[in-house]
Structures are given as C-alpha cells and as structure tokens.
Amino acid sequence: MGRLVPLLPPLALLLLVVAASVDGIARFDDYASLLRCLPLLVIGVAYVAVGRRKRAP
Amino acid sequence: MNLGITITSWTFTLPALGALGLLAIHAVRTHGWLFLVIWLILPAVIVATTTLALVLPAAPEVWLDAQAIFPGTADAAIFLVAAFYLSALLGKGFVERSRFAGSPTALAMLAGGSATLFALVIQSSNRGYPERIAYVVDDGCRAIEGSRLGFAMGSGFPASFAASVFFFAFAYRWISIATPRNGVKLVALAALSPAIVAGASGIGWIFF
Numbered sequence: 000m001g002r003l004v005p006l007l008p009p010l011a012l013l014l015l016v017v018a019a020s021v022d023g024i025a026r027f028d029d030y031a032s033l034l035r036c037l038p039l040l041v042i043g044v045a046y047v048a049v050g051r052r053k054r055a056p
Numbered sequence: 000m001n002l003g004i005t006i007t008s009w010t011f012t013l014p015a016l017g018a019l020g021l022l023a024i025h026a027v028r029t030h031g032w033l034f035l036v037i038w039l040i041l042p043a044v045i046v047a048t049t050t051l052a053l054v055l056p057a058a059p060e061v062w063l064d065a066q067a068i069f070p071g072t073a074d075a076a077i078f079l080v081a082a083f084y085l086s087a088l089l090g091k092g093f094v095e096r097s098r099f100a101g102s103p104t105a106l107a108m109l110a111g112g113s114a115t116l117f118a119l120v121i122q123s124s125n126r127g128y129p130e131r132i133a134y135v136v137d138d139g140c141r142a143i144e145g146s147r148l149g150f151a152m153g154s155g156f157p158a159s160f161a162a163s164v165f166f167f168a169f170a171y172r173w174i175s176i177a178t179p180r181n182g183v184k185l186v187a188l189a190a191l192s193p194a195i196v197a198g199a200s201g202i203g204w205i206f207f
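Order-wise, the sequence lines are chains D and F. Residue numbers for the first sequence follow numbering that gives the first Met the number 0, beginning at 0 and rising by one. Residue numbers for the second sequence follow numbering that gives the first Met the number 0, beginning at 0 and rising by one.
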C-alpha cells in the first residue's frame with residue numbers, strides 16, 4: 000500500500016478527467032470536453048514521470 | 000423531502016466521489032487525519048449554506064446571502080475541493096523537484112496554472128447549475144445570481160478560480176513555513192479554505 004500512495008493523486012486526476020469527458024459527451028454532446036481534458040492528462044503523466052526520475056539514483 | 004442537494008449528474012458525481020476517496024486516502028497517509036478534517040471544512044461549509052438556503056422556502060435574506068458567498072451543490076463542492084487539493088499537490092510535486100524548491104511564489108504559480116486547466120474541465124461538466132438551482136429554489140433571479148458566483152469559481156471565469164488557488168497555495172505555504180506545529184497554525188489553515196473561497200467569490204461577484 001505504501002508504494003501505491005504516491006500514485007493516488009494521478010489516479011484521482013485520471014478519474015476526474017475521464018468523468019468530465021464522459022459527462023460532457025453524455026449530457027451535452029460536447030466532444031470538445033475531451034480536448035479540454037487533454038492538458039490535465041499531460042500534466043498527470045508529467046507528474047508521474049518527474050516523480051519516477053527523482054526516485055531513480 | 001428535498002434537502003436541496005441536487006445531484007443529478009451521476010456520470011460525473013460518482014467518479015468525482017471516487018477521486019475524492021483516493022485523495023482522502025492520500026491525505027491521511029501523507030499528512031494525517033487532522034489535515035483531512037481541515038480540508039473537509041470547505042465542502043461542509045458549501046453544502047451547509049446551500050442546503051440551508053434551499054430548505055427554508057421563505058429563506059431569510061441572510062441564508063441567500065450566505066449561499067451567494069459559498070455557492071454550489073454537493074457535487075460542485077466535491078469537485079471544487081478535489082480540484083483545490085490536486086492543484087496544490089501538482090504545484091508542490093513539480094516545484095519541489097526544481098531549483099525553486101521551498102518558494103511559496105513558485106509553488107503558487109504552478110498550482111494556479113494547474114487550476115486553470117481544472118477550470119476548463121469544470122466548464123464541460125457544470126452547465127446545468129443555474130436551471131437546476133432556480134427550479135428548486137423557485138426564486139429564479141436570486142438563485143441564478145448565486146450560482147453565477149459558483150461559475151465564477153470555475154467555468155464562467157477560470158482566471159478567478161486560478162487566482163483563488165494561487166492565493167490559497169501561497170498563503171498555505173507561507174503559514175506552513177512561518178508557524179511552528181501548534182494550535183494557531185491549525186486554526187489558520189482551517190480558516191484559510193473558506194476565507195479564500197469567500198474572497199474569490201467576492202471578486203467574481205464584482206466582475207459579474
């Protein structure tokens with residue numbers, strides 16, 4: 000569990016991004032919501048990548 | 000009985016609750032239970048004022064005014080807190096791995112940048128609010144006025160939300176550095192979230 004804790008924020012981010020995209024499409028036929036979520040996905044991936052690089056000696 | 004908490008968008012609310020659960024586990028494991036309690040004050044205040052304003056049909060002015068300061072429904076409050084926490088966390092995660100580590104300004108700027116992106120995401124999931132709240136309150140003008148302040152936090156005016164997260168992250172970091180671990184620090188941090196939200200709503204109210 001201890002090793003999973005740092006991954007929880009990016010997972011939460013991914014969950015929110017997917018939820019917002021699906022919700023935007025399901026309720027408003029707003030496919031642009033996918034595009035709006037992309038920068039957040041990029042930030043989440045960068046966050047994980049930076050964290051891994053820091054831990055590596 | 001309608002308690003005024005209009006959760007209609009389950010496709011968004013359930014995953015948002017799940018995300019909040021993950022963040023709660025992270026907060027408890029890394030900062031402790033007290034930190035989580037401090038963060039829960041913000042959605043509690045938002046939901047309480049909204050509920051009071053909607054439960055009392057002939058609501059006294061004071062409750063409608065309170066809702067204007069802390070607007071939003073339960074799912075909006077959940078997402079707001081998650082966005083606040085994630086923005087601050089991302090800002091901290093990046094800045095602590097740079098040569099600006101320890102700088103409140105750099106942390107706040109990165110957190111504000113992340114918050115702008117969150118505001119754009121809120122934009123795609125927050126559109127039904129004026130109609131829903133106006134329907135429940137049956138006082139269209141005032142309710143829409145109140146919910147527009149909610150929009151000022153995110154979708155209608157992303158810069159306002161980014162600014163509130165910037166000030167929040169800066170103040171939080173500054174308090175964290177400047178004060179020892181004691182009761183005063185906890186009270187200051189506990190008061191910070193609602194105060195920042197109220198300030199940001201006030202700024203949004205001026206612009207809208």
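These are calculated hints, taken from the structure and not from any lab test. On a predicted model such as this, the values are computed, not experimentally measured, just so you know. Errors might be hidden in some of the hints.
Said to hold, decoys possible - Selected chain F positions facing chain D (Cβ under 8 Å, derived; list incomplete): (1) Thr29; (2) Gly31; (3) Phe93.
Unchecked claim - Covered stretches of chain F (in silico footprint by chain D; criterion: 3 or more residues with CB under 8 Å from a CB of chain D, positions within the stretch not fixed): (4) 83–90; (5) 105–117; (6) 168–174.
Backbone N, C-alpha and C fix where the C-beta goes; we use that ideal spot for every residue, glycine too.
Hints and how they fare:
no. : hint    : result
1   : Thr29   : holds (7 Å)
2   : Gly31   : violated (13 Å)
3   : Phe93   : holds (7 Å)
4   : 83–90   : holds (count 3)
5   : 105–117 : holds (count 3)
6   : 168–174 : violated (count 0)
Checked against the numbered hints given earlier, the structure breaks hints 2 and 6 and satisfies all the rest.
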